[in-house]
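The listed protein sequences derive, respectively, from chains A and B. Per this note's numbering, residue 1 is the first one in the first sequence, and the count goes up by one each step. Per this note's numbering, residue 1 is the first one in the second sequence, and the count goes up by one each step.
Since the hints were made in silico from the structure, they are not lab data. All values reported here derive from a predicted model rather than from experimental measurement. One or more of the hints may lead you astray.
Unchecked claim - Per label pair, the in silico range of CB-to-CB distance:
1. B:365 to A:1: 25 to 31 Å
2. A:7 to B:258: 36 to 42 Å
3. A:15 to B:195: 47 to 53 Å
4. B:195 to A:91: 35 to 41 Å
Glycine is no exception: its CB is placed at the ideal position from the N, C-alpha and C atoms.
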Amino acid sequence: MLEVNKENFEAEVLAVPGPVLVDFWSTKCEPCVALVPEVEALAEKYGDKIKFCKLNVLENRRLSIGQKVLGLPTIAIYKGGEKVAELTKDDATCANIEAMIKEHGR
Amino acid sequence: MAVRECDVLIIGAGPAGLAAALYASRAKLSTVVLDKGTPGGQVRTTWSMENYPGFARGMTGPELMDRFVDHAKEFGAEIVRGDVATVSFGGELKIVTTQKGEEYRARAVIVAPGAEPRTLGLPGERELRGKGVSYCATCDADFFEELDVVVIGNGDAAVEEAMYLTKFVNSATMIVVHDEGILDATAIIRDRAFKNPKMKWAWNSVVEEIRGDGIVESVVIKNIKTNERTELEANGVFVFVGTVPKTDFLKGHVDMDKRGYVIANELMETSADGVYCAGDARVKYLRQVITAAADGAIAAVAAEKYIHEEEGFREMVLDRENPVMVAFWSPTSQVSLDFLPAVERIAEQRAGKLNLVKIDIYKNQRVAGRYGITEAPTMAFFRKGQLVEKVCWPTNESELASVADKVIGG
């Protein structure tokens, strides 16, 4: 999964047609850490359908808030520079993420 | 579908499940713990842990849970990631399947699914979840560095989590329903909070609404004494108003109270044979790491005894080639004691054709109950694993002898 941050978020996520999945996470967020292997497995499976990125909010706080992400875990999908779908907190389960990818992936 | 057999299956790897895993695996039972996330349960999201005996300052929730995990694994318990899909507790082997299609067959099950934060159902609460509304301080505190947050709730957890937030935020305003100076939190926590310069207080107040366009911008607070409403600007709203049990998957399988907490007795036995409940999901007085761990230990020991009893009954009675006469007696029933010599004589006279097993009805209420035996003495005859005849008190030696011969004769 591609690591995105304040330097490359514009180029890698917003400036591309997409779809792009962004996993907003942090090392302090235990539910996020628990989700990491699930999302990585989905990246293996759907890597050709959607671009997988992860963003550590600890180093990119302003960017995250700018994206209206103020809670973890949050998994969002972008198309053409716009956020088109998002799952947060309890809704960010493996099954829900997979369904979201199927809906918005290529 | 992958099928896996074990002695004890534990659902949930919080402190209750992990303590149960330690006790069960140390008792040489093959033990599997299923958890849908990282082991540790709610303690994972709690930074401050200062009331687990022996671990005062400097031990965080996640650190303590890492130790619980290591300790359980040390005796051979296996912790597996999996989300329970279905349970079936009716048979001798309990069957639990996961969302991914694995099937577990266990001789005993300990359910320790725990609880999750309760939501309030306020206007704006659900829409702004992850947009400033949070139930987890350790997850989200970083977003609110130098910002202002509101904390709803005033119990121990609410005040402790608010204090954790003050390491990051500009201010944390506690919305408290009580009169000034009164908190549900215990005195030691209250006094510390009152000394914290970043903590602010709104007394006699409740939050009515959370407002914001895409992210939290303010909350509407109502003073319950004056009915006056004020809008307070805030970047975040943290809600700590108790928990709800995660027991939906157990509905219809074990008895619960109206709120969904599982009813279990002192041995952690639920209404289903061989199924135990431990930790926050159980009806109980105090929900803490230490009481969860205690539940887990009791459940594991009770499950171990259950497994051995079941195994014993199977070996001694159900799997026997010859018919078996089971004499249910009780040390509190003098007639049952007086009648035992007659029972023994009948068995001796038919040695090689009829086996005798004596069971203390009081110590083995479950086995007795399964066959509808409530009083001692009762002599029950089994052939090829089936109950075929029952002789209840009052009876006499010759009546019992004729039933015994009838059973032997097939």
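Hints and how they fare:
| no. | hint | result |
| --- | --- | --- |
| 1 | B:365 to A:1: 25 to 31 Å | violated, 56 Å |
| 2 | A:7 to B:258: 36 to 42 Å | violated, 54 Å |
| 3 | A:15 to B:195: 47 to 53 Å | holds, 50 Å |
| 4 | B:195 to A:91: 35 to 41 Å | holds, 38 Å |
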